[in-house]
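From first to last, the protein sequence lines stand for chains G and S. When we follow the working numbering, the leftmost residue of the first sequence carries the number 1, and every step to the right adds one. When we follow the working numbering, the leftmost residue of the second sequence carries the number 1, and every step to the right adds one.
The set of hints was computed from the structure by calculation and includes no laboratory data. Just so you know, not all the hints are guaranteed correct.
Claimed, not checked - If you anchor each label on the Cβ, the simulated ranges turn out as follows:
1. G:97 x S:148: 41 to 49 Å
2. G:24 x S:158: 44 to 52 Å
3. G:72 x S:79: 43 to 51 Å
4. G:75 x S:32: 50 to 58 Å
5. S:4 x G:94: 29 to 37 Å
6. S:70 x G:24: 33 to 41 Å
7. G:72 x S:26: 44 to 52 Å
8. G:72 x S:4: 36 to 44 Å
9. G:94 x S:146: 40 to 48 Å
10. G:10 x S:35: 31 to 39 Å
We treat Cβ as the ideally placed atom computed from N, Cα and C, and that holds for glycine.
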Amino acid sequence: MKVLIVDDFATMRKIVRNVLRQINIENVIEAENGKHALGMLDKEAFDLIISDWIMPEMTGIDFLKACKEDEEKKRIPFIMVTAEAQKESVLEAIKAGVDNYIVKPFTPDKLREVIGKTMVKFGRQM
Amino acid sequence: MDVKYINPFVLAAQAVFKTMLGIEVAMGKPLLKETRTTSGDVTGIMSLVGDRKGTVAISFRGKGAIFVFNTLVGETAEKVNADVVDAIGELTNIISGQARKEFENNGINLKASIPMVVVGTEVETNFITKLPVVSLPFYFGVNNNGDKEVMFLDFSIE
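Same shape as in the complex, but just chain S (with noise of 0.2 Å):
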């Protein structure tokens, strides 16, 4: 698991949280996922080309995707919708721009497909490489509860 690859994913998410959703996030234990499967609910899926070749899916659970959906429309959704699911695509892109930008800054050029967004829990993907899939959990809060949710960014680039 090369830090060289994780650190631009790290920045990024926090970056996007603070400006975008005005939010802090912590990241908890990377770990190698078993199984080439989504994380959560509502997953925005990119591939990166280039320098290198690889997936990033960005995962909610179901109430963490409406969250982000009512924090960066400033709308109410009740459940995941065609516009939480639009809200997560957008969300990946942004991240993985992000990310992207950091590569760049150490020398690594990355050029990313338009996101696609899959609803359901445990979805087989194909995440490109023959590398294991590294999954990244940032976790955040969404009420003055005290509760919290997560996002899972799951990468594998060679």
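Okay, chain G solo, but in the shape it has when bound (with noise of 0.2 Å):
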């Protein structure tokens, strides 16, 4: 499975990226925000988008929204992480199509479940 994993902090892409690598996926990606993203999104397959919800430039419900009016992109689950565990974030999210969300702290048990559930709905397996 190969992984993009969307923030602007780098520090919280290496904690996903440390989470992740104890559910045994190690082919991660970066990007340090939705725009840089997209660009990624043009040039290479993914398996499944990670990302953050409040980020500079381009927010986490803007890059989502982007991905899911593209024919290509909307293809790949996404699911975003976020602390904001407020009702209206989480409804904002889900109108915009977000496939699965995960609200911090999780740990790398939940994360696979989150993981798993969401392959699922597009018929894949993690």
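Hints in hand, dock the two standalone chains.
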């Protein structure tokens, strides 16, 4: 599985990469914001996108919408990672078409569970 | 010192350390800070607005901050560097988010700023409110020798 992690904080990208490593997902590419990620999605194939919510230049919501409006990118499962557990943030993401979300803090097992359920929605496996 | 403001932070700190760092924290005795300064060497600070306003500051001594970075990221930092500072900012963000979820469960809705991290000891901090700053110390083990470090969770909310 090839995963694209999108977050403006390099350390947070490393944290998510570390959690993915603990569930045996090693093929991970990083992007520092939504615009950068869109460029990478144009050039490489990915199996999963894991994106932060609050980012400068292009927010997670705007990045999500850009993916879901694209015929190719919308086929890639999209998981939002957020520290915002408030209902309106989650609802906004669901309306925009997020495939799943996970709220920090999360364990490796929780991330595995969320990824597994998301891939099943797309008829795929981890 | 209203317990309804303390409990969300206690639950948040315990949950975040358990899930993201895989370790338990034990809270020490809460106290009122005499100075409006940072409690440790590396401090993440976030403002809170909404049904209440205030500030939360999460502070570590250098060794504790490095331990947090090493555990979260799976790399080894030898000193407090930009990556360690980032990690403390992110931990502050996560604990604040978890605490705000607990506040919301109690009918208090809060939004938070993006965290700022300061490096230095006893840095003067504007906690926004005029109320005293409550300091909650949380102790955690950093190795098999029984060495402990402390996280200070300081807040003032009105």
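Cross-check of the supplied hints:
1. G:97 x S:148: 41 to 49 Å: For residue 148 of chain S against residue 97 of chain G, whose Cβ atoms are near 46 Å apart, the range 41 to 49 Å holds.
2. G:24 x S:158: 44 to 52 Å: Since residue 24 of chain G and residue 158 of chain S have Cβ atoms about 48 Å apart, the given range 44 to 52 Å holds.
3. G:72 x S:79: 43 to 51 Å: 45 Å, holds
4. G:75 x S:32: 50 to 58 Å: Check passed, 56 Å falls within 50 to 58 Å.
5. S:4 x G:94: 29 to 37 Å: 31 Å, holds
6. S:70 x G:24: 33 to 41 Å: Once the Cβ atoms are compared, 21 Å apart, the range 33 to 41 Å for residue 24 of chain G and residue 70 of chain S is violated.
7. G:72 x S:26: 44 to 52 Å: 51 Å, holds
8. G:72 x S:4: 36 to 44 Å: Distance hint for residue 72 of chain G, residue 4 of chain S is violated at roughly 50 Å.
9. G:94 x S:146: 40 to 48 Å: 47 Å, holds
10. G:10 x S:35: 31 to 39 Å: 33 Å, holds
When held up to the earlier numbered hints, the structure conflicts with 6, 8 and fits the remainder.
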